[in-house]
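Going line by line, the protein sequences match chains A and B. Reminder that position 117 of the first sequence reads as 117 in our numbering, one-by-one numbering, no gaps. Whatever position you read off the second sequence (first residue = 1), add 1000 for our numbering.
Simulated from the structure, these hints should not be mistaken for lab results. For every residue, glycine included, the Cβ atom is placed at its ideal position computed from N, Cα and C. Any given hint could turn out to be false.
[Unchecked claim] With a straight-line cut-off of 27 angstroms between C-alpha atoms, the simulated DSS-like cross-links for lysine-lysine are:
{"hint": "1", "chain 1": "A", "residue 1": "12", "chain 2": "A", "residue 2": "93"}
{"hint": "2", "chain 1": "A", "residue 1": "193", "chain 2": "B", "residue 2": "1226"}
{"hint": "3", "chain 1": "A", "residue 1": "7", "chain 2": "A", "residue 2": "139"}
{"hint": "4", "chain 1": "A", "residue 1": "15", "chain 2": "A", "residue 2": "203"}
{"hint": "5", "chain 1": "A", "residue 1": "203", "chain 2": "B", "residue 2": "1197"}
{"hint": "6", "chain 1": "B", "residue 1": "1007", "chain 2": "B", "residue 2": "1123"}
[What the hints assert, rightly or not] So the derived list for chain A, only partly shown, Cβ under 7 angstroms to chain B, looks like this:
{"hint": "7", "residue": "146"}
{"hint": "8", "residue": "148"}
{"hint": "9", "residue": "158"}
{"hint": "10", "residue": "180"}
{"hint": "11", "residue": "214"}
{"hint": "12", "residue": "220"}
{"hint": "13", "residue": "222"}
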Amino acid sequence: MPFMPVKFNLQKRVKLAQGLWMLYWLSVIVGILIFSLGIFFKIELRKRSEMMDNNESHLVPNLLMLVGMVACGINAFGGKVCHDSLDPIKFSKWKPLLKTYLLLCCGFNVLLLLVALLCFLMQFAVYLALAEGLKNGIKFYKDTDTPGRCFMKRTLDMTQIEFRCCGNNNFRDWFEVQWISNRYLDMSNDVVKDRVLSNVEGKYLMDSVPFSCCNPGSPRPCIQHHLTNNTAHYDYDHRTEELNIWVRGCREALFSYYSSMMNSIGALVILTIFLESVDMAGLKYLCTALETMTDPENPECESEGWLLEKGVKETFADMLSKVKTMGKTNQVEEGGDAPQA
Amino acid sequence: MVVMKMKFPFEKRVKLAQGLWLLSWCATVAGATTFTLGCVLKTELRRRAEVMDNTDVHIVPNTLMIVGLASLGINYFASKICQDALDAGRFPRWKNFLKPYFAVSCFFTVLMLLAVIMSYAMKGSLESSLKVGLRNGIRFYKDTDTPGRCFQKQNIDRLQMEFQCCGNNDFRDWFEVQWISNRYLDFSTKEVKDRVKSNVDGRYLVDGVPFSCCNPSSPRPCIQYKLTNNSAHYNYEYQTEELNIYLRGCREALVNYYMSLMNTIGAGVLSIFILQGSVLVSLRFLQTAMEAVAGKENTEIETEGYLLEKGVKDTIMEVRSTVWDVVYSQMSPSF
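Whenever a hint applies, use it, and build me the whole structure from the sequences.
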């Protein structure tokens, strides 16, 4: 009893072949799209790799590029087969390859599912990398004379300006580190000496933030220094002031940016899985319809197409028994000749 | 004296018609590109409309959009004409259409060239418009509570950060205006009172700049206030300090940006102008070659094609007299 049989006459077969050909080329375009999204994601990760301590994982974009290229190849081959399907001579050379091709498509769908899962799960890795990277970025902000870290200040300033954020969790992260280099501190000054001596590690800590935390939308000129001291500024209450500096933390800002990107890419990959499944079903119908033609010489005869030759349960049982026999070929059979000692 | 006479045997006519058909479709795409380039330029100019005093420079993108649309029509007709050209039965219906068609097409093609020339000539107008606009922007920076000017501060801040510039000519423009609103000045302190009294207009002037002038590439945290006072900051000399704030003025930055945009667009439009011109020249040759075939029995004879029947001077005089006649017949009262 075939699974989901459909009757086909010549018109229907021709329509199926044409529709499937267009669908395969649409899938090629989707494959190219996935490839370019992989490249885009890789570039975005590299642009901000300094904010992630340069140890972010490039597994997802690399997989996306690979999957995109394989999708292009598989679907182009499928399109070619559809194009040749209505010519019996051309089709006969593709016939023996079709079974392996369909198995390959199944495996590819499993790979796509894995990639989609990774897109959603790797967001945790990005979050952790950002947390660590930003903490170090704020720590090394002042080291503009240390080779390897000279540009951390510039990168962090540009990130805070672009993503409209301040600090790691929020702006108070800047109160906990010394972000002004000792080269620009007058150590002979009493104020400086007091501040340095006031904490165990001898750091010059202030309740101030860099200029890149300033919000241009504030109606008053930016207050950067003495943020928690209401008397230092006229008509200022730090508990109610919201527009002066950015209140969001950069980890949250960057993470929401990357997570929305990864979510959309994951959604597109899931869409591709559906598209590939439809392609596979269509191709299976087309092949079986061409194989079961009652009179191969007469192209206008009727035929029947199906998805599976037997029902679902029987096909599974067949596959299981095949796998078992493949495993048993190397074993010695019971009751057979015992190996000579 | 015929201008540029060329012999056209039958195969050459066929090749000309086919090549012209392809060329006219390329020119249609080019016309759409011109329209898009005009839209892009207009969008970019409108984005910074708050720091521009007048919209004189908008004539360049407007002209480009008009020319782009017109060339779509011109090239559509050109492709239709050359499709009918090789059919001796269908070509004569275009006869009366062709003269006004060429006049209109030449006008719009010359307009394309004018747009390119204008994009270079408008630099002075753009610069003076930006000068006034930026001066007003800096003056109204503090008026975040005045309706109509509330967003001036935000616009100027974002402009300075994006274009990496400070002030109008340079950062010293900020020393000459009061950019801190009176709402945030404590008039009971001696320092504020002294500063306000120290100048005729009673303004609170500082030798400081807004935070948006700060350069992120500076190795030290940004020095915004007391810029000309070396002793106010440790290890600081304002005469040699280059990285602290942006030294470039915003007018120069914006003019450079727009001129480079218009130069790129101008180069593209110039090549489209050459393409359009070649379409019109080829169409003229095809028209004159096919006109010689009309009425003959053997359509495969060799004919001559030319650009102008008489010389350039004679053609201009003829066109002028035709236009005068048309104008006179409209103006003179009919009895």
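*Hints that the structure is at odds with (numbers, increasing)*: 3, 4, 5, 6, 7 and 8
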